[in-house]
Each structure stands twice: as C-alpha cells, then as structure tokens.
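K.L.:
Residue strings, one per chain:
4 protein chains.
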Amino acid sequence: MSSRDVLQTDHRWLDQETLDEVRAHVPMVYVEAVPVRVDHLGRIVRVGLLLRAQADGRISRSVVAGRVLYGEALRDALWRHLTKDLGPEASPQIPVGVAPFTVAEYFPDAETSGFHDPRQHAVALGYLVPCEGECAPSQDALDLAWLSPAEALTDEVAAEMSGGHGRLVRRALAFAGQLP
Amino acid sequence: MSSRDVLQTDHRWLDQETLDEVRAHVPMVYVEAVPVRVDHLGRIVRVGLLLRAQADGRISRSVVAGRVLYGEALRDALWRHLTKDLGPEASPQIPVGVAPFTVAEYFPDAETSGFHDPRQHAVALGYLVPCEGECAPSQDALDLAWLSPAEALTDEVAAEMSGGHGRLVRRALAFAGQLP
Amino acid sequence: MSSRDVLQTDHRWLDQETLDEVRAHVPMVYVEAVPVRVDHLGRIVRVGLLLRAQADGRISRSVVAGRVLYGEALRDALWRHLTKDLGPEASPQIPVGVAPFTVAEYFPDAETSGFHDPRQHAVALGYLVPCEGECAPSQDALDLAWLSPAEALTDEVAAEMSGGHGRLVRRALAFAGQLP
Amino acid sequence: MSSRDVLQTDHRWLDQETLDEVRAHVPMVYVEAVPVRVDHLGRIVRVGLLLRAQADGRISRSVVAGRVLYGEALRDALWRHLTKDLGPEASPQIPVGVAPFTVAEYFPDAETSGFHDPRQHAVALGYLVPCEGECAPSQDALDLAWLSPAEALTDEVAAEMSGGHGRLVRRALAFAGQLP
Numbered sequence: 163m164s165s166r167d168v169l170q171t172d173h174r175w176l177d178q179e180t181l182d183e184v185r186a187h188v189p190m191v192y193v194e195a196v197p198v199r200v201d202h203l204g205r206i207v208r209v210g211l212l213l214r215a216q217a218d219g220r221i222s223r224s225v226v227a228g229r230v231l232y233g234e235a236l237r238d239a240l241w242r243h244l245t246k247d248l249g250p251e252a253s254p255q256i257p258v259g260v261a262p263f264t265v266a267e268y269f270p271d272a273e274t275s276g277f278h279d280p281r282q283h284a285v286a287l288g289y290l291v292p293c294e295g296e297c298a299p300s301q302d303a304l305d306l307a308w309l310s311p312a313e314a315l316t317d318e319v320a321a322e323m324s325g326g327h328g329r330l331v332r333r334a335l336a337f338a339g340q341l342p
Numbered sequence: 163m164s165s166r167d168v169l170q171t172d173h174r175w176l177d178q179e180t181l182d183e184v185r186a187h188v189p190m191v192y193v194e195a196v197p198v199r200v201d202h203l204g205r206i207v208r209v210g211l212l213l214r215a216q217a218d219g220r221i222s223r224s225v226v227a228g229r230v231l232y233g234e235a236l237r238d239a240l241w242r243h244l245t246k247d248l249g250p251e252a253s254p255q256i257p258v259g260v261a262p263f264t265v266a267e268y269f270p271d272a273e274t275s276g277f278h279d280p281r282q283h284a285v286a287l288g289y290l291v292p293c294e295g296e297c298a299p300s301q302d303a304l305d306l307a308w309l310s311p312a313e314a315l316t317d318e319v320a321a322e323m324s325g326g327h328g329r330l331v332r333r334a335l336a337f338a339g340q341l342p
Numbered sequence: 163m164s165s166r167d168v169l170q171t172d173h174r175w176l177d178q179e180t181l182d183e184v185r186a187h188v189p190m191v192y193v194e195a196v197p198v199r200v201d202h203l204g205r206i207v208r209v210g211l212l213l214r215a216q217a218d219g220r221i222s223r224s225v226v227a228g229r230v231l232y233g234e235a236l237r238d239a240l241w242r243h244l245t246k247d248l249g250p251e252a253s254p255q256i257p258v259g260v261a262p263f264t265v266a267e268y269f270p271d272a273e274t275s276g277f278h279d280p281r282q283h284a285v286a287l288g289y290l291v292p293c294e295g296e297c298a299p300s301q302d303a304l305d306l307a308w309l310s311p312a313e314a315l316t317d318e319v320a321a322e323m324s325g326g327h328g329r330l331v332r333r334a335l336a337f338a339g340q341l342p
Numbered sequence: 163m164s165s166r167d168v169l170q171t172d173h174r175w176l177d178q179e180t181l182d183e184v185r186a187h188v189p190m191v192y193v194e195a196v197p198v199r200v201d202h203l204g205r206i207v208r209v210g211l212l213l214r215a216q217a218d219g220r221i222s223r224s225v226v227a228g229r230v231l232y233g234e235a236l237r238d239a240l241w242r243h244l245t246k247d248l249g250p251e252a253s254p255q256i257p258v259g260v261a262p263f264t265v266a267e268y269f270p271d272a273e274t275s276g277f278h279d280p281r282q283h284a285v286a287l288g289y290l291v292p293c294e295g296e297c298a299p300s301q302d303a304l305d306l307a308w309l310s311p312a313e314a315l316t317d318e319v320a321a322e323m324s325g326g327h328g329r330l331v332r333r334a335l336a337f338a339g340q341l342p
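First to last, the sequence lines map onto chains A, B, C and D. Residue numbers for the first sequence follow this note's numbering, so the first one is 163 and each next one is one higher. Residue numbers for the second sequence follow this note's numbering, so the first one is 163 and each next one is one higher. Residue numbers for the third sequence follow this note's numbering, so the first one is 163 and each next one is one higher. Residue numbers for the fourth sequence follow this note's numbering, so the first one is 163 and each next one is one higher.
With the rest of the complex left out, here is chain A (with noise of 0.2 Å):
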C-alpha cells in the first residue's frame, strides 16, 4: 500500500505514513475472535480459519483480527472485522461479557512472547464468537476453513497458523473446555 492510500474519509483511519510512524512508538490495540461454530449446548463443533497470504507473500492460516480504530469500541470493532472477514450474513454472537478470553501481546521479535508481528508491537484482546450464519471469506481471504476441534489442533495446522494464531485456538479450546 503507498503512502497516499486512505482507507476511508474518516478521519479515524489513518495514512500509510502516519500509521507506519504511530506504530512505531506506542502498541496497537486489536481484538482477536476465533470464529466457531458451536451445538445447542454451547460446544465447539467447528472452529473457522481463514487463508490468507501474508504481508511476506506466505500463505498462513488465521483467525479474524485487527486493529481498533480512533474512537471505536471494541464491540463495534469487532463486529466491523467479524463481518468484513466472514461476510455480512455471518451472524456472529458478541460476548456479553466485556473482559476478553485472553491477551496475546505481539512484538516485531518473533522470540520475545511466541506472538509475532514484524510491523508492530501489538495488544490483542482475544474472544470466542459462535457464528450461526452463512460465512463467505471476503476481501483479502482466500479461503475460509471449518475445523474439528481435533483438526484444528494437529500438527500440520498448526504449522500452518500465522504469527502465534495456532496459540490462540489452543488457548480458546482450552477455555471452552476442550482441549484434550
């Protein structure tokens, strides 16, 4: 993206340039949601991972996230990401509780907390959403995948997941009860 790209005429997004040297002094606030699909009683049948390619041309699986804007509250922050990422039918179910799941704090050395995020030092708020509608990834996904829990815990995915995202779906088993 040039230095000239505006994302949108409101004045809570920012130029490429102005981001660019915010990032650089002060960390980014972001929520996180790990999108499932869940049964009548609450338990994680699913959990969707997106395919993306990666700011370094990679290919990697992830969850929905990014940033919170200028005078945004997390909740609509996270419904703009969940809808934009999963598509406007996608239905998903906001926690009523406002505290998140967990925190996944990622720095630009990839060795300092297992989250990595070379652009930015970055503090994300993380937290389960069951989407009961049609999901179609959008923009820049390639792909939207629906995982077993089991599935979404092996190996390979997780070689596959981006920058401590694998962490994060282990972390939100876990707190759902169903890590093994």
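If you are wondering where the hints come from, they were derived from the structure by calculation, not from laboratory data. Treat the hints with caution; some may be incorrect.
Any copy, or any two copies together, can satisfy a pair, since identical chains are not distinguished.
Dumping the calculated SDA-like pairs for lysine to any residue here, alpha-carbon to alpha-carbon at most 20 Å [as the list claims (entries may be wrong)]:
1. K246 to G259
2. K246 to A307
3. K246 to T316
4. K246 to L203
5. K246 to D305
6. K246 to P270
7. K246 to H202
8. K246 to D218
9. K246 to D201
10. K246 to E183
11. K246 to W175
12. K246 to E273
13. K246 to L213
14. K246 to A235
15. K246 to A298
16. K246 to S300
17. K246 to A186
Starting from the known structure of chain A, arrange chains B, C and D on it as the hints suggest.
P.N.:
Below, chains B, C and D alone, put in the same frame as chain A:
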C-alpha cells in the same frame, strides 16, 4: 410434595425423602442462568426475571435456577432448566466458555454469605445466557418480565428478588460492563 | 475405610456408609487447586504435582483436590485441602476472584468427559493458586514435585496423571498464557 | 509538562509533542490495577485509593493506572505503575491469569461509555492486585487511603473518584463476590 412423589422414572431423580436426607449431608450443585436479550453487539438490552411463589408462600422475582442431577452434565442441566422455565422456543445461547462468570454459595443461615436457601447448602454456578427466541414462562412461574438493566437495578426490583438473586443480577451486569 | 470411620466429630463429616449412599444420588462438589510457584510478575515458574497411591493401588500424580463439606465455604475448603496436602507453611494465595478459571466434571464412566472418578459424579471448581511458602507433602501423599511448565506438559508426565489432572494442568497453563 | 519533557532516555518514551500527536490518531493501551488488602482466604479487606491532583486542578481519588510503553509487556507495565504509585515495598501480587477481569474504554467524550479521559481514547485492561507489603504513595499522589469495601462503595467516595474509577471499583468488588 409428598415423600412418594417421584418426578421422573429416571434413576437420577430422587424421591423427596431421599433428597431431604441427602440435602442435610452435602452441598447441592446448582446452575443459575441470568436470561438476557442482547443487541447485535452483545450488549444487554433486557434482563429476564421470573415471578414465582416461593416455598414460604411469598411471591418473588428470580432468575433461572435448578439442581444438577446425578450423571447430568452442566450444559445439559442449563438447557433443561432454561427450556423448562422459559419455554421450548426460548433458544438459549449457552456460553462457549466452561467456567461460570460467578459462583453463589447458598446457606440455610441467611447471614453467612448474602445468598440464602432455607432448604439446603447449594453451590450455584452462574451463567449469563442470551435468549433469542420467544419466551413463555412455564410450569411454576407466574410471569416473566423483561426489564431494562436500569430497571433491574432499582431498589424496588431488588427488594422483590429472593435469596440473593438481586446480588446475582448486579454481578452479571458488572461482568457485562453495564453496571453504572 | 470401614463404615464406622468417622473422620471428624464435626457433624459435617459423614461416615463412609452415608457418604457412599449420598454419592450414588447427587453430584459431589469439589475444589481443585493447581499449586504454582510464580515470579514477581505473576508468571508460572513451577507447577506442583503430588505423587499418591490411588484407590486401585496405582501410583499417580495429581493436583490438590477435595470435597466441599456441608456448610463449608469454597474458600475455606480450598484453604483446608491446600494446607492439608502441602503442609501448614505453604502460604497459598487464594485468588480474589470468586469464579473458578475452569470447571471439571468427573463421571464414573471414563468416556463421558475426559475426567474420570470411579467413585462418583463430581463437579470440581478449578483454581490456580500461587504458594510462596515451604511446601511439604503430608498425609497420604508420597511426594511433591515442582516441575517447570515445559516438564509438566511432557507426554511422560501427562501419562502419570490420574483421571484428567493432566488436562486440568493444560487448561491452567492456557489460562496463564503459558501453554505453547 | 512542557513539550520538551522527555521522561526517560529509553526510546520507548515519547516527548510530549509526539505523544500528543499519536494520541490524536490511535487508542492508547493502559493497564489499571485495583490495589487491595486480602485476608488469608483471598477476601478483600481493604481497597486502596490514591488521592491525586488531576490535569484540571481538581483533586480526586483513583486506582493505579498508566500507559503501556512500546515494547513493554503488560506484566512489566503493571509492575512499573504499581511500584511507582505504591512505593517499592508494596509487594504487588500480579495475577497468574493473563486476561484482565474487565476492560474499561475511555473516550474524550464523557457521554460515550461512562469512562472519561479528556486527553485521549484509551483501552484499559483492569486487574485486581493484592498488595502485601508496606505501601507509600509516591511521586504525584497526595495520599493513599485504604477503605473497607463498604466505604469504597459509598456515594461520597464514588463522587470523589475520577473519570469512571468508581465504576471500575464496583466491577472489581462484583468480580470478587463482594458487591452487596
């Protein structure tokens, strides 16, 4: 209820005499669900309160609560009590996380903990449960009222709640970030 | 233990015969504590595992666990079991939050939930408890081992854990942000 | 503070001008700690409130709060602010769980969320932190008062709290099971 009343032929149900004896010896496991209506961002719009005749003849408001049976999973117990009290069309969304948002300890002595049950010592796991469907109070409930969070927090409503349920509702709203 | 063994004169204790009968009718309330050593930032440095002879004669590793008595508060039960199993100098720091970080449901049938107790159906509230003081295994424990998180997660250690305690330790490390 | 004040030579600190600019573009990451004295069972006995002169000259009560720096882990930020505000002997027990018990969203507009910060949009992760050691208010705090939970909940004290900290204390007591 006479000592010969057996609620179901299922072996997990106890006749009243056995239940009374067991209750005198060990704490009972309960689940409690605060039923809520939420908007698309997961914010509580209404809190559901049942109007019931209590054992002592007084009429009071309460959330959904009930005993976990021998051999019954917590999620099954939540489903059973929610659909029994709110009707088969309630569509409760049982939380994905396995841990309750709070625990309430009921003692026969009203002074011990702020939660009071003259019949027994009960450990109640509390969950916040959005209900999307049409709710109809059933069985022993006289009415079901959907109050705004502000109404549910008034002194009048709190005074009509039985045995600590007002306290439980305040904890639920705090957990949701909606206690002023 | 014979049916005449009464563990304490306190009325909350049951003779074995009554306890066996009660266990056949209702789920028992348990507390479970994963004892840990933490650094000054609250990060887990060691996980404490007890070595015990089980009812069936096998020797296995487990966390601190025990029944909540009639009339006993959860915090008192946690304190009682922690100081009984780890010794009076353990200085357990019982969490301020009232909700457990997880709930484990033990069933007599090993296949139901991943948590297994041949004697009973038990609902166990799980807490993560830093212990600052000197710990000495007492009573029925043969040994107390302090393992690093990485050691506690090895297949060898997991295989030595009884009835689902390995699963509980993995959930605890995920909750603490320390599951790889 | 003048625009030339640089608090530390560490590159993570920003001069006031840069900080002001960054603040106008992205939400800031904050940690907030409600300092408490607890008994041996983990029950809150006292809540610690700092007395401070605010930016507008008014004097008000608040909990420990501060910005997370670029490259700084949340646990390090909690430790830094707790020992800065309560003194080096405070011995804060930072929670083992990685997730905050609540999140407070501060906006420049006082009406948006109940949390208000005229300087910025901040997302604050809230933790409940027992402090065992001797606490001495330092730097910019005028006093540190240890109030009973009942005192901390009075209307007088609530009226003296700045920008939503009274709300945060109520959430903390609800989380601990100690909100009436």
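K.L.:
So, for every hint listed, does it hold in this structure?
P.N.:
Hints and how they fare:
1. K246 to G259: Answer is neither: 23 Å inside a copy and 25 Å across each miss the 20 Å cutoff.
2. K246 to A307: Cα proximity of K246 and A307: one copy only (16 Å, versus 36 Å across).
3. K246 to T316: neither (28 Å within a copy, 39 Å between copies)
4. K246 to L203: Between copies only: 15 Å across, 27 Å inside.
5. K246 to D305: So K246 and D305 pass the 20 Å test inside one copy only (13 Å; across, 41 Å).
6. K246 to P270: neither (26 Å within a copy, 27 Å between copies)
7. K246 to H202: Intra 26 Å, inter 15 Å, cutoff 20 Å: inter-copy only.
8. K246 to D218: Answer is neither: 22 Å inside a copy and 41 Å across each miss the 20 Å cutoff.
9. K246 to D201: between (24 Å within a copy, 19 Å between copies)
10. K246 to E183: Result: close neither inside a copy nor across copies, 26 Å intra and 29 Å inter.
11. K246 to W175: within (16 Å within a copy, 35 Å between copies)
12. K246 to E273: neither (31 Å within a copy, 28 Å between copies)
13. K246 to L213: Only inside one copy: K246 and L213 sit 14 Å apart there, 42 Å across copies, limit 20 Å.
14. K246 to A235: Classified as within; 16 Å inside a copy, 30 Å across copies.
15. K246 to A298: For K246 and A298, the Cα distance is within 20 Å only inside one copy (10 Å; across copies 36 Å).
16. K246 to S300: within (7 Å within a copy, 41 Å between copies)
17. K246 to A186: neither (27 Å within a copy, 25 Å between copies)
When the structure is compared with the earlier hints, violations turn up for hints 1, 3, 6, 8, 10, 12 and 17 and for no others.
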